[in-house]
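If you're matching them up, the sequences are chains A and B in order. Counting from 1 along the first sequence, just add 840 to a position and that's the residue number in the working numbering. Counting from 1 along the second sequence, just add 699 to a position and that's the residue number in the working numbering.
Warning: the hint list may mix true and false statements.
Claimed, not checked - Ranges between beta-carbon positions, derived for each pair:
#1 L1073(B) x T1017(A): 39 to 45 Å
#2 M891(B) x G970(A): 37 to 43 Å
#3 A1054(B) x T1054(A): 43 to 49 Å
#4 F914(B) x S882(A): 53 to 59 Å
#5 P1087(B) x I1059(A): 17 to 23 Å
#6 K1080(A) x A1053(B): 24 to 30 Å
#7 G970(A) x A915(B): 44 to 50 Å
Derived from the structure by calculation, the hints contain no laboratory data. Everything numeric in this text was worked out from a predicted model, so none of it was measured. Even for Gly, the Cβ is constructed at its ideal location relative to N, Cα and C.
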Amino acid sequence: MTRFLLCLLALTVLATGTARAALSIDVSSPLIKVTTGFNGSSITVFGTQDVQGALVILVEGPSKPMTIRKKSPVFGLWTYTDSRRFANLPVYYETAASAPIDRIAAEDVLRSHRIGLTNLLAAPDNDDDGSAAFSAALVRLQQKKGVYVEEVKTIDYISPSLFKAVFDIPPIVRAGTYKVSAFLFQDGQLVEQASVPFDVAHEGLSADMRRFATKYSFIYGLAGVLMAMFAGWLATVLLKRE
Amino acid sequence: MPVRGGGAAYHPNGQRFIGFANIGIDCCDPLRARGFKIGISVAGIRLHKLLNTPCGLSGQRVQIIYKSVNQWCFHAQYLLPCRLSMPVYLPIAEMSVNAFEIIFLGVAVGIFSGLFGVGGGFLALPFLVFVGIPPTVAVTTQSAQILASSTAGVISQWKRGRVDVSLAIHMMAGGAGGLLVGLGIFQLLKFMGQIDFAISLIYTVLLASIGLSMFAETAHNHLFKKPKAAAESGRFTQWLESLPYQTIYAASGIRVSLLAPVAIGFVAGLLISILGSGGGFVIVPAMIYFLGMPALMVTGTSLLQLMVIAAFSCVMYSITSHSVDLMLAALLILGSVTGTILGLRATKYIKGVAAHLLLASVLVFIALRLGYTLLATPAEPFSLTVDP
Chain A
841 MTRFLLCLLA LTVLATGTAR AALSIDVSSP LIKVTTGFNG SSITVFGTQD VQGALVILVE
901 GPSKPMTIRK KSPVFGLWTY TDSRRFANLP VYYETAASAP IDRIAAEDVL RSHRIGLTNL
961 LAAPDNDDDG SAAFSAALVR LQQKKGVYVE EVKTIDYISP SLFKAVFDIP PIVRAGTYKV
1021 SAFLFQDGQL VEQASVPFDV AHEGLSADMR RFATKYSFIY GLAGVLMAMF AGWLATVLLK
1081 RE
Chain B
700 MPVRGGGAAY HPNGQRFIGF ANIGIDCCDP LRARGFKIGI SVAGIRLHKL LNTPCGLSGQ
760 RVQIIYKSVN QWCFHAQYLL PCRLSMPVYL PIAEMSVNAF EIIFLGVAVG IFSGLFGVGG
820 GFLALPFLVF VGIPPTVAVT TQSAQILASS TAGVISQWKR GRVDVSLAIH MMAGGAGGLL
880 VGLGIFQLLK FMGQIDFAIS LIYTVLLASI GLSMFAETAH NHLFKKPKAA AESGRFTQWL
940 ESLPYQTIYA ASGIRVSLLA PVAIGFVAGL LISILGSGGG FVIVPAMIYF LGMPALMVTG
1000 TSLLQLMVIA AFSCVMYSIT SHSVDLMLAA LLILGSVTGT ILGLRATKYI KGVAAHLLLA
1060 SVLVFIALRL GYTLLATPAE PFSLTVDP
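Model the full structure from these sequences, guided by the hints.
Shown next as structure tokens:
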């Protein structure tokens, strides 16, 4: 909360100062901790704009290669028969806008900045190999998981130049550096752009175990062996008592 | 959110929730209004269909699916009411599970090993995959679970002097080879994206054939009132005797080519690395029929080799694929230790033919359940994997 107020204060100063950017943003928390009992969270983006115009805010997760496979029946058994690989797609994607996105700018402008879920995966000019079905399925599956959000959030204006938007972080998020970008459009043209990163990090027992498992994998494996053998021995002791 | 009917379901302030119940019409719509989706399930098999009409009219069993997680949780219907929920984030599987669900699965597996003297890996693995644990993690983590149960078995058999160490060592040599080959096959199948399919298919065939042959054997014994004689395999025995490296295993009192135990161990290694199952169903009969071992020595000896192979596999997988999830293993082991004790107690009540038939029914049921997923048209033919 303190940070929230500080943010607001800083932004107010920014907004009234003389040397300033036309558009600047910041986030409520630079670090989201995913602990053992993590159940989802939210992040608030604040900002100021000193020129009129329509605003779009994007929150994107780190980009990862993704493979999407399709099942079809082979001799009556459903098995994966076809797949497509996408080199770099964000693991999380959500947008907020001050007006309906399709009225803010032309589709090719939006597409060049990957604004809007439909523009995230550019449709190929010719779809001979049927890739469009795969990219559509990818977006649909990510939406189902809640990591791609189709609904465009609204941007709340606290004053004509001060705004905020709230984004949900679902329980299943990947760790990494996320990026918030804001785009200011005037008459369908991009006039100003700003971005700020925040981190999602795994913390607590589970995260420590993960780090240990990758860094000292031999000791980790050995620890597993000892734990399992101890449990086995314990079982025989308990059984003797029976 | 109060829910009428058999199961327990609730909606704790937007927390991740998955549950089932015979929910009444009075809470179906409020649940929908809060962003839940309602699906239908019959006898635990989810129908790939969302229910859009008012539900609960005829006491249908329905599923409630949380909007964003959208994970079906039909299995929990049998395992335990969803009110008992303790989310635990599995570090390697990178997903959140209900700890009680996994412990309960462990208990079920333990009851099986206690009651029937089988490993129970065949039961655990399909369920872990149903829960949504990545197959790689499920198979490799099973090695820790197998290690725990085989250690307990070896200790009790060792005290009775029922372990043939030299035979077990020869089997281990083959087992190590089988493990490495299996590891390669597993990685290849994973690369091809066919690992889920392979696991389901092999399990279906294996469990169905074992379950059905158990039924047949029981029926045969029941009808003719005497055990069926072991199949005469004269030519095969002759061939075995003609193999080189004939070795005398004093503890078991048999003379057989060293290659035979090595080959059986190899198969055991393959089974543990690809299927995450100790393979007792295959290995124990093989040792009796092919090696001619006395039945009393078989259990302890096969468990000793299984113990060493499982330990080897646990370390190997930790190093090569970083896929052993010790959090998951700990939950499973905790449950299975408890379950084994319960199962051993239950042996007083369930005996002989009844136990045999029960085991056979469970095997056939799991086979049918797996077969259904292979044959039925999936609601979602696509699946997505995001690289780590």
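So, going through the hints one by one against the coordinates:
no. : hint                            : verdict
1   : L1073(B) x T1017(A): 39 to 45 Å : 41 Å, holds
2   : M891(B) x G970(A): 37 to 43 Å   : 20 Å, violated
3   : A1054(B) x T1054(A): 43 to 49 Å : 44 Å, holds
4   : F914(B) x S882(A): 53 to 59 Å   : 56 Å, holds
5   : P1087(B) x I1059(A): 17 to 23 Å : 21 Å, holds
6   : K1080(A) x A1053(B): 24 to 30 Å : 27 Å, holds
7   : G970(A) x A915(B): 44 to 50 Å   : 47 Å, holds
The structure is inconsistent with hint 2 alone, although it conforms to all the rest.
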